[in-house]
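> Sequences and hints are given; from them, build the entire structure.
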Amino acid sequence: MKKAMFILIMLSSSVFNFSCGGSENTNENNQEKTVEGGTEDYDPKRGEGKFSAENLVVGESIDLDMSAKGEAISGTKCTSCHKLSEEKLVGPGWKGVTKKRELYWIMNFITNPDPMIEKDPEIQAQLELCLVRMPNQNLSDEEARSIVEFMRKNDEAK
Amino acid sequence: MKIVSKTILISVFFGLLAFVACKPKNTSNAVSGDASSKAYVAPGKYDEFYNFVSGGFNGQLSVYGLPSGRLFRSIPVFSVDPEKGWGFSEESKPMLNTSHGFIPWDDAHHPELSQTNGEVDGRWVFINANNTPRVARIDLKTFKTAEIIELPNSAGNHSSPFITENSEYVVAGTRFAVPGDYENGDVPINTYKETFKSHMSFISVGKEGEMDIAFQLRLPGIDFDKAHGGKGPSHGWFFFSCYNVEQAHTLLEVNASQKDKDFIMAVNWKKAEEYIKAGKGKKETVSYAHNTWNESTHTGNSVLKNEVLVLDATEFKDICYFLPCPKSPHGTDVDPSGEYICGSGKLAALIPVFSFSKMIKAIENNEFETDYEGVHVIKYESALHGEVKKPGLGPLHTEFDGEGNAYTSFFVSSEIVKWSLKTLEVLDRVPTYYSVGHLMIPGGDTKKPFGKYLVAYNKITKDRYLPTGPELTQSAQLYDISGGKMQLILDFPTIGEPHYAQAAPADLIRNNGQLKFYKIEDNKHPYAAKGEQESKVVREGNKVHVYMTCVRSHFAPDNIEGIKKGDEVYFHVTNLEQDWDVPHGFSVKGAQNAELLIMPGETATLKWTADRVGITPFYCTDFCSALHQEMQGYARVSSANSNVPISFSLGNNTPGSLK
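Listed in order, the protein sequences are those of chains P and R. Counting from 1, position 86 in the first sequence corresponds to residue 86 in the working numbering; the numbering is continuous, with no gaps. Counting from 1, position 186 in the second sequence corresponds to residue 186 in the working numbering; the numbering is continuous, with no gaps.
These are computed hints drawn from the structure, not numbers from a lab. In this text, a Cβ means the ideal position worked out from N, Cα and C, and glycines have one as well. Among the clues, some could well be false.
Stated by the list, open to error - Within a straight-line C-alpha distance of at most 20 Å, the following computed EDC-like cross-link-like pairs (lysine to aspartate or glutamate) qualify:
| no. | chain 1 | residue 1 | chain 2 | residue 2 |
| --- | --- | --- | --- | --- |
| 1 | P | 69 | R | 521 |
| 2 | P | 83 | R | 558 |
| 3 | R | 305 | R | 284 |
| 4 | R | 519 | P | 142 |
As the list claims (entries may be wrong) - Pair by pair, the computed Cβ-Cβ distance ranges are:
| no. | chain 1 | residue 1 | chain 2 | residue 2 | range |
| --- | --- | --- | --- | --- | --- |
| 5 | P | 89 | R | 448 | 50 to 58 Å |
| 6 | R | 207 | P | 128 | 51 to 59 Å |
| 7 | P | 125 | R | 82 | 37 to 45 Å |
| 8 | P | 63 | R | 448 | 53 to 61 Å |
Spelled out as structure tokens, the structure:
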């Protein structure tokens, strides 16, 4: 019962969040735009956002400078909720994420979380476990890229 | 529920008449069929205008939408606001500092939007503190009070903070004459005529909005009431209404209403600037606070200043001139062209309209009827454009629609009257419910009014709303003025007592670069914890500093030990969120101040004195996520002589034992 209520709250708050995001320039249709989980043109492998297999450049070996930057940024913006191990804190642990997900999917999710939370069936399943929406931490593309590099390094470490 | 002073007697005479006059026009026949659709803003849709309304005795500035009348926000300015921690957080306390020390309340009357080329520009809104004279500037990107400056030599900062057409100055004329702060004020009150003076401040506004008292004019001891700046051809002049030219110091209700005419004072401020440049001002020793908010440290800073430049305007014949104006003028309003100056004599049954060009000609031709306390008084007829005859009773304020029409509020006869600036004929009148004070048309005191709506801010509501005991809601009424006839379309309650107001098109404000959150990397607060790895607890003598972070939905640390009874604990809480509309709240049991509301990326500090041994809980007060109720923690307080060391943790749930 308690859980059912939380999900209800989440659903209503997701509607709310969506209308906030969509209202920047137009005030039209923000009542009609509530989205059901999963839409026909959503690609769960790529996610939704700027990044794709074509435009994300990833080196063979890990860029240590970039990964160090990513570690510093994640200390401010991410690790309050994510452990570097597999253990769930507020959100899931990071260990193994770069093996489970395409790197461009991660890039899309961390730079564009709200639309993906609305559409991605796996994220929605995750939300039922965590009950806290991953906040938009307003990462720049460069910041996001360095965090992904840090995640790669984290997954390399034993 | 305040009745404007000096109208009480008149109200007694006309009160009955006014209510009789209002009675037949009740809600049912005053509102026509399409009114509800005109004021209706559908769920999720935006209003057309932001309406910034003074809170009067609540000391704040409230923000409504027009035409819906929906309340969006009450911006704390001069009064503490426990809900937002304003005046309670350590960072905001300096903003309410004055030469008298910390002051938790004031009376705020007149918001004024910044202007460029005489048009509303959406950068800042200024508002006056009436009681302990101050002017505040609110930044419209953050809707936060950014600056407050105190005014020396002033008492009752009422004719303030009206603005010049490029926001060069906001002005502040004193309502009470008093001896200057730099003079001996310990004088018998009945030496008023000799010892009491009125100082008028010209506060310069810099590129970033920063305020500075450029100079003050020293004037005869009379009461300044309202003001408006010249525009277009009259740019460079300012117009102030004056009452009590009788210079009474007791029972002003009677003694300041003796003369047939008081004055509107025209000030050539460009001329005053010349004299200041020529070194004619005198530096006087005074004391006043200047408080500024720093957006990167999220902290207010208060500086006490001790010097102000005073220019004795009576020593120069070409700075100030008096225009005789019937019966204790209140509103002094300049039309969009800058040519017409409307005086509203509170006790008069006509509205004199002065002509700026005629006034200049009269000055050139020395058409003065007399001198008053060393200031030329221009002949009434020489500067007069004409009078609006029998418009109503108790005119207070006038606004303009930019199409040649003026709209004047009438307190005593409880109505708004539309009249033509050119012909001075009354064109239309509508009742208000009841006893309107200020009125406002969006941009209605600028060169470019936006028209469409008019809002009446009423002093009395009586039977308009469900009763709530002796104190009833304050209220505003919205009129559609887009047609030839004014049409009442909405009543809406207001908080505090609404005096003057301003409005601007929604797009002008919401597209001005609205801040959605503070960038955490730009946070320069000395006690910020930018990430949980920076959270810590540090003891300095009997002070304990907690560097705490919050994110949906936990604090770090959330278990704190080693605090001793009597310690002053400072919780410096940094909100790590970087998204819009995700503040966190923070409260501690037994805190003798208030809560904090911490915006994303901001750091705020709550001081809490550990007054007893035991376990004290703290929690988040702003529903932040589904697990908001779990956002809580404990502080352990030990006896003053205990040797429990400072420790702190998060997430270590391993059971311990009492041994």
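> Next step is simple, just say for each hint if it's right about the structure.
Results for each hint:
Only pairs whose Cα atoms come within 20 Å are accepted, and residue 69 of chain P paired with residue 521 of chain R is accepted, the gap being roughly 13 Å. Of the pairs offered as hints, the one joining residue 83 of chain P and residue 558 of chain R holds, with about 17 Å between alpha carbons and a cut-off of 20 Å not exceeded. The hinted pair formed by residue 305 of chain R and residue 284 of chain R meets the criterion: a straight-line CA distance of about 11 Å does not exceed 20 Å. Using a Cα cut-off of 20 Å, the hinted pair residue 519 of chain R and residue 142 of chain P holds, with the two alpha carbons roughly 16 Å apart.
In this structure the supplied range 50 to 58 Å holds for residue 89 of chain P paired with residue 448 of chain R, their Cβ-Cβ distance being about 55 Å. Checked against the hint of 51 to 59 Å, the pair residue 207 of chain R and residue 128 of chain P passes, with Cβ atoms roughly 52 Å apart. A C-beta distance of roughly 42 Å is found between residue 125 of chain P and residue 82 of chain R, which places it inside the suggested range of 37 to 45 Å. Evaluation of the 53 to 61 Å hint for residue 63 of chain P and residue 448 of chain R yields a pass: the beta carbon distance comes to about 56 Å.
Hint compliance for this structure: no hint is broken.
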